[in-house]
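For this one, chain A is given, so just place chain B on it according to the hints.
Next come the chains, spelled out residue by residue.
2 protein chains.
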Amino acid sequence: MQKASLTILGCGSAMPTRKNFPSSQLLEIRDKQFLIDCGEGTQIRMCQMGVKANRLGHIFISHLHGDHCFGLMGLISTFGMLNRTAELHIHAQADLEKILKPQLQYFCNDLSFNVIFHTINTRKHELIYEDRSVQVFSIPLKHRVPCCGFLFEEKQRDRHIIREMIDFYGIPTFRIPRIKQGEDFITDEGEVIPNGILTTPSETPKRFAYCSDTAYYEKIIPIIEGVDCLYHEATFMEDEKIRSKQTEHSTARQAGEIALKAGVKKLIIGHYSARYTNQTDLLNEAKAVFENTVLGEDLTTYEI
Amino acid sequence: MQKASLTILGCGSAMPTRKNFPSSQLLEIRDKQFLIDCGEGTQIRMCQMGVKANRLGHIFISHLHGDHCFGLMGLISTFGMLNRTAELHIHAQADLEKILKPQLQYFCNDLSFNVIFHTINTRKHELIYEDRSVQVFSIPLKHRVPCCGFLFEEKQRDRHIIREMIDFYGIPTFRIPRIKQGEDFITDEGEVIPNGILTTPSETPKRFAYCSDTAYYEKIIPIIEGVDCLYHEATFMEDEKIRSKQTEHSTARQAGEIALKAGVKKLIIGHYSARYTNQTDLLNEAKAVFENTVLGEDLTTYEI
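Protein chains in written order, with our numbering: chain A, 1 to 304; chain B, 1 to 304.
Please keep in mind that the hints were generated in silico from the structure rather than gathered at the bench.
Just to be clear, a hint being listed does not mean it is correct.
One copy or two, either will do: identical chains are not told apart, so a pair holds if it fits within one copy or between any two.
Result set (DMTMM-like, lysine to aspartate or glutamate): computed pairs, CA atoms no more than 25 Å apart in a straight line [stated by the list, open to error]:
hint	residue 1	residue 2
1	Lys-32	Asp-167
2	Lys-265	Asp-228
3	Lys-155	Glu-28
4	Lys-287	Glu-218
Looking at chain A on its own, in the form it has when it is part of the complex (with noise of 0.2 Å):
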């Protein structure tokens, strides 16, 4: 089976670090990409990851704060020197538009491809891309400005046909396809041969959260119920909770209890503020509340 992967290109917050860009992450799906947030510097990150995108098609932009969305130009641009043909696809606020496209028209005003701009009504959990392997749904969440994270749901794959059985029974190879999605098989002689007998169950499919930013929000929590991994931001210690509340972000404690009570499998914690140089600090923290929490790392790739 191929595995879905994240990689974390940035796990800062506002001000970047020694160690963490802004926010920018990419998900590899079923040899798909996509990228959750565009901070200043993704381009680079992936340079010094060595990252092709060529499989990248869309973008999902959380909210427009710089730090999640600084990078677009300088990514944009860089795929129109590498020539890029395939449409690229934007989803974020409908406010992106009108800030990228003067910018796009200035600079990249010979682009070699598309961008085309989806907008996301972040105030609902709705359904916003679609393919025949992936579902990505909104996240309202609770910030400063219209925010929303990403539920990213892997679709349920064919079963596994066993070799064995297509011989046994003689099938055809006109029937597999059927077969392989639960149909029954019958044979000349009219005898129903049980899908059970044919084939095996498929691997569960894999399911991942993005929720940066947001205050401690306890209306997510039947969204992401389960996911094999939920990336919650832990922007502050319970020692500056005030200013969480203030700013609507997240303490690491609050996104270990958010883990906690959605059941998630594993939690990543991420866009820490400068101000924590030792951020064992942090992990400690969530890992108080859920133990089974890992310590987000620029430049770092995870198993879903």
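Using the frame of chain A, we list chain B on its own:
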């Protein structure tokens, strides 16, 4: 004496590489900081080098290609978060204000400081900035879009007074500033003590020229003649001479030729095309013409 120094934050060209960020450098003269170009990631490089930009008041943008200005929004946002209060002056072509203003309004509408735009006429060689210790002149360059380099000239400092002479002639304190500026001293008895006896000359003022991006362009030679340090772009090697002409860039050899003809003291090359993984080849090509050439490198400080 305080030294003048140049810190290269990025000396890559349009496409970043593992080694090089896009164009940006910080010039420090007499305790002031000047930023020259501001490609994507400039603030990240500053952070990586521990540069505090609290003496930075003026930014000079050579031209409006993304790799020379996409870092401005991130830098300005961060200055805002740091509660900067000092005015920030940006010297660039008029179009930059039109492009940045809507972004500033959207992303930084509550900035704690003013951003002031100054228009450069890139076709003219003229004084574009002056304070008590430094003058900056534009240097018209030859590129696909309006573009100019910058000549930074330190002003002549006061002469050094010889302390023993103050005591010997009993020179009152209030006379000292004018003697430092070259005046003779007249004793109470009417004796004229020539300035040359009382003082020694100050250091020769430093001159630095930044020339990027540009085709080989001999018209800059009289302007940059004899500078202590010339940063000249060397996007290509002679093997890509046709491409360098098409794109109006220089080869390393041409950078060396300009340095030689202008009789500069030191040449730093940069703005390397991403195709050259071994930049020593570029250095050697320039050195074959102009021996005192230095390879520009990101995150490196050069004395001027």
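Checklist line | Up to 25 Å CA-CA - Glu-218 versus Lys-287, copy category | finding: Classified as within; 19 Å inside a copy, 64 Å across copies.
Next item on the list: Indicate which option fits the pair Lys-155, Glu-28 if close means a Cα-Cα distance not exceeding 25 Å: within, between, both or neither.
Entry: within (14 Å within a copy, 57 Å between copies)
Margin query: As a check of your reading, is Lys-32 near Asp-167 (CA-CA no more than 25 Å) within one copy, between copies, both or neither?
Written below: neither (34 Å within a copy, 81 Å between copies)
Note to self: For Lys-265 and Asp-228, with the copy left unspecified, which applies at a CA distance of at most 25 Å: within, between, both, or neither?
What the structure shows: Close inside one copy (5 Å), not across copies (61 Å); limit 25 Å.
Checked against the numbered hints listed earlier, the structure breaks hint 1 alone; every other hint is satisfied.
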